[in-house]
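Q: One letter stands for each residue in the lines below.
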Amino acid sequence: MKWKVIEKSKLPNLIGELAREYEIFAPVDRKSIGSFERLASGSEVSLDSRNTKKPPKDVFIPQTETLFTYKTGKQEVELAAPQVVIGQRVVLAVRPCDAKSFVLLDKFLSSGEYKDAYYKEKRKNTTIVGLACNHPLSTCFCTSLGGSPHGKEGLDVLLQDINDKYLIEPITERGEKLIEKFPWLKEAERADIDKAKKLSDDAEAAVKSKVSIDGVDNKLDGMFDDPIWEQICQKCLNCGICTFFCPTCCCFDVLDEDGKRIRIWDSCQFSCFTLHGSGHNPRPSGKERMRQRIMHKFNYFVKTHGESFCVGCGRCIQECPVNLDIREVVGAISALPTDKRSDND
Amino acid sequence: MEKLEKSLREIAEKLLSEKKVDLIIGYERGTRPLRTTPCFVNKTEDVQKLIWDSSCDNNLAKYVVDRKEKVGVVAKGCDARLIAVCIAENQVPKENVIIIGVPCLGVVDRKKVESKLEEKEILEATIEGEKIKVKGEEFELLLAKNDFLCDSCLTCKHRNPPIQDVLVGEEVPELTEVNEFTEVENLEAMAAEERWNHFNGELSKCIRCYACRSVCPLCYCKTCFVDQSIPTWFGKTNDLSDTMIYHIVRALHVAGRCVDCGACSRVCPVNINLRELMKKIEKIVKERYNFKAGLSLEEAPPLGDFKSEDPQEFIK
Chain A
689 MKWKVIEKSK
699 LPNLIGELAR
709 EYEIFAPVDR
719 KSIGSFERLA
729 SGSEVSLDSR
739 NTKKPPKDVF
749 IPQTETLFTY
759 KTGKQEVELA
769 APQVVIGQRV
779 VLAVRPCDAK
789 SFVLLDKFLS
799 SGEYKDAYYK
809 EKRKNTTIVG
819 LACNHPLSTC
829 FCTSLGGSPH
839 GKEGLDVLLQ
849 DINDKYLIEP
859 ITERGEKLIE
869 KFPWLKEAER
879 ADIDKAKKLS
889 DDAEAAVKSK
899 VSIDGVDNKL
909 DGMFDDPIWE
919 QICQKCLNCG
929 ICTFFCPTCC
939 CFDVLDEDGK
949 RIRIWDSCQF
959 SCFTLHGSGH
969 NPRPSGKERM
979 RQRIMHKFNY
989 FVKTHGESFC
999 VGCGRCIQEC
1009 PVNLDIREVV
1019 GAISALPTDK
1029 RSDND
Chain B
4 MEKLEKSLRE
14 IAEKLLSEKK
24 VDLIIGYERG
34 TRPLRTTPCF
44 VNKTEDVQKL
54 IWDSSCDNNL
64 AKYVVDRKEK
74 VGVVAKGCDA
84 RLIAVCIAEN
94 QVPKENVIII
104 GVPCLGVVDR
114 KKVESKLEEK
124 EILEATIEGE
134 KIKVKGEEFE
144 LLLAKNDFLC
154 DSCLTCKHRN
164 PPIQDVLVGE
174 EVPELTEVNE
184 FTEVENLEAM
194 AAEERWNHFN
204 GELSKCIRCY
214 ACRSVCPLCY
224 CKTCFVDQSI
234 PTWFGKTNDL
244 SDTMIYHIVR
254 ALHVAGRCVD
264 CGACSRVCPV
274 NINLRELMKK
284 IEKIVKERYN
294 FKAGLSLEEA
304 PPLGDFKSED
314 PQEFIK
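Top to bottom, those sequences are chains A and B. Position 132, counted from 1, in the first sequence is what the numbering used here calls 820; the numbers after and before it change by one each time, with no gaps. Position 44, counted from 1, in the second sequence is what the numbering used here calls 47; the numbers after and before it change by one each time, with no gaps.
Looking at chain A on its own, in the form it has when it is part of the complex (with noise of 0.2 Å):
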């Protein structure tokens, strides 16, 4: 399928023509706190701006969900579905990064022996519309982690902004029914390819914060112990902020309320994360909570599911209150030694 551009005063158009089929997720300015919300109209959508303070994680993991809902009598108990119809989506101008934390999230929740339901079935409905990005903060490592600035991976559609105009490209099968929707879409032209790829390859150069994690997952394997996790977490004040922050932290808690069974975001870096019915808490402080983070992004899940959780999006360095940043963190395990590794073999 060809290439497409639209005229940015056109999106509006565009937005509109698809929220008749579609729930539209977008970035939008609510209170100053760019987030991905349902767009009531197209005129809200901010697409000049740098990418969401919030990740968009909660189009498919809303903080708070219902997973059924029960009654309970005198001998029986009654469960029922929660009453919500999801319907199609497309979520709009998604960042080649947040992208990523998508196909991650997928190795995490809808691959394996047990699947997330609730997820499978919001991401399956989903049309994920991306926008690459054209100038990069300093937080950015995001091609320290396999990502790019346009990376493709984990959308159907790449919006690319060549100033006046979106380039429009078509990734996978989807993403062309998409596009097909509007055959009034102009083709995009020669030059409008060769803006994308100079301010492609420009984005990529800017890109200047580097983490080097290879051979950082094989070094956690025997540092489960080291004294680094108790330096490390000195100045941690164990908030919520760098998983709440996070495009892929997922952990949640589960809980009863008024006939709702719910979940919600949980964080490993709260005191009662992993505290036991029995009042153990094999995690009781901020030391085997940072390890817990650390070993998650770039040790378990490695082994598990081949790439690193973290996608280099840098919301962590950006709201940590005490500057804790995780860019460092890599450094110095990365730092250490390599016999370190066989220690605690």
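Wrong hints could be hidden among the right ones.
Here are the computed distance ranges between Cβ atoms for each label pair [to be verified]: (1) 896/A x 224/B: 37 to 45 Å; (2) 758/A x 224/B: 26 to 34 Å; (3) 800/A x 235/B: 26 to 34 Å; (4) 138/B x 720/A: 20 to 28 Å; (5) 769/A x 313/B: 50 to 58 Å; (6) 118/B x 948/A: 35 to 43 Å; (7) 223/B x 728/A: 37 to 45 Å; (8) 1019/A x 138/B: 23 to 31 Å; (9) 968/A x 223/B: 21 to 29 Å; (10) 225/B x 864/A: 56 to 64 Å.
Calculated Cβ distances over 10 Å to all of chain B for the following chain A residues [claimed, not checked]: (11) 732; (12) 800; (13) 805; (14) 840; (15) 860; (16) 865; (17) 872; (18) 874; (19) 878; (20) 889; (21) 893; (22) 975.
Hints were generated in silico from the structure; no laboratory data involved. Every residue, glycine too, gets a C-beta built ideally from N, C-alpha and C.
Please arrange chain B on chain A, whose structure you already have, making use of the hints.
A: Frame of chain A, contents of chain B only:
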């Protein structure tokens, strides 16, 4: 500033080498512009890492509770007052803490600087006297520091640590004339419904990351009521009524203890102005008990204490 830093490092080195403390908790340069990060120094050769300027915004009193070692803590007025509260509440033995007081002319609110620059990213920043020099791709700006200070600093009446063991540099003039309750008075002037809507709007942004609790030096409870499950005091979803209970209970729990360091507002990733609620309570405590927190090492907070002259008009 360089002079102050030099003096700070000398003090830290002396405390460590004379074994008066095992650890110095201060600030070092962070990884981002206008960003410093808490720094833990236990070797004299590392004191060179220590810095001091108006980007030292973290409240280091947070790191004082629950330590086995003797520590020297770099403390602004607000930090020193919070250490004093922790000592008065028997959370830290006085002999385990040396307060290295630093007179402070206010810390820079990065969010204010960022919003001034809108979409432009700051790549480099230095604070030079009264100016903040920010640089980015194709721009360089000189900003007046006083226009970008944290709100809590604008009305701070204890820029010099009221309690300290050693002072770095010289005292700075206090803001004696400023009305610290203007924001609260604006809230009080609102009609009840308007005020309700205002708080609804602010608190509906909350994502329950608990950074406001985690950063607060006074939130030292072994198990926070948020984390208790037997019984569960309130829901943990981001339902507005539950969120409100969390913030209101936390505000009440720091009544008569909060010194308005502003850390809760500064760290809030969704920019909730939590200070408003705290400041209102601070005003009530001041009016009813004529009490201001963090000015004494002995006096218990009024809500944790009883005096026969306490107002008790509710007993009829």
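Q: Each hint needs a verdict: does it hold in this structure or not?
A: Hint check:
1. Between residue 896/A and residue 224/B the beta carbon distance is about 43 Å. The supplied range of 37 to 45 Å therefore holds.
2. The given range of 26 to 34 Å is respected by residue 758/A and residue 224/B, whose C-beta atoms sit roughly 33 Å from each other.
3. The supplied range of 26 to 34 Å is met by residue 800/A and residue 235/B, whose beta-carbon atoms lie about 33 Å from each other.
4. Checked against the hint of 20 to 28 Å, the pair residue 138/B and residue 720/A passes, with Cβ atoms roughly 24 Å apart.
5. Distance hint check for residue 769/A and residue 313/B: the Cβ-Cβ separation is about 56 Å, which falls inside the suggested range of 50 to 58 Å.
6. Checked against the hint of 35 to 43 Å, the pair residue 118/B and residue 948/A passes, with Cβ atoms roughly 39 Å apart.
7. Under the hint 37 to 45 Å, the C-beta atoms of residue 223/B and residue 728/A, about 44 Å apart, fit the expected range.
8. Checked against the hint of 23 to 31 Å, the C-beta distance between residue 1019/A and residue 138/B comes to roughly 24 Å, which is consistent with it.
9. Roughly 23 Å separates the CB atoms of residue 968/A and residue 223/B, a value that falls within the hinted 21 to 29 Å.
10. Checked against the hint of 56 to 64 Å, the C-beta distance between residue 225/B and residue 864/A comes to roughly 58 Å, which is consistent with it.
11. Here residue 732/A stays apart from chain B, with its beta-carbon at least about 17 Å from theirs, past the 10 Å limit.
12. No beta-carbon of chain B comes within 10 Å of the beta-carbon of residue 800/A; the shortest separation is about 28 Å.
13. Every C-beta of chain B lies more than 10 Å from that of residue 805/A, the closest at about 20 Å, which supports listing it as non-interface.
14. The non-interface label for residue 840/A is consistent with chain B: the shortest C-beta to C-beta separation is roughly 25 Å, beyond 10 Å.
15. Look at residue 860/A: its CB is around 31 Å from the nearest CB on chain B, clear of 10 Å, so calling it non-interface holds up.
16. With 10 Å as the threshold on Cβ separation, the claim that residue 865/A sits away from chain B holds: the shortest Cβ distance comes to roughly 34 Å.
17. Even its closest Cβ contact with chain B, about 31 Å, leaves residue 872/A beyond 10 Å, as expected for a residue assigned away from the interface.
18. Once the 10 Å rule is applied to beta carbons, residue 874/A is consistent with being away from chain B; the minimum gap is 28 Å.
19. Separation of residue 878/A from chain B is adequate, the least Cβ-Cβ distance of about 29 Å exceeding the 10 Å criterion.
20. With a minimum CB-CB distance of about 17 Å to chain B, residue 889/A clears the 10 Å threshold, and the non-interface call stands.
21. At roughly 13 Å, the least C-beta separation between residue 893/A and chain B is larger than 10 Å, which holds for a residue marked as non-interface.
22. Listed as a non-interface residue, residue 975/A keeps its Cβ farther than 10 Å from every Cβ of chain B; the least gap is roughly 13 Å.
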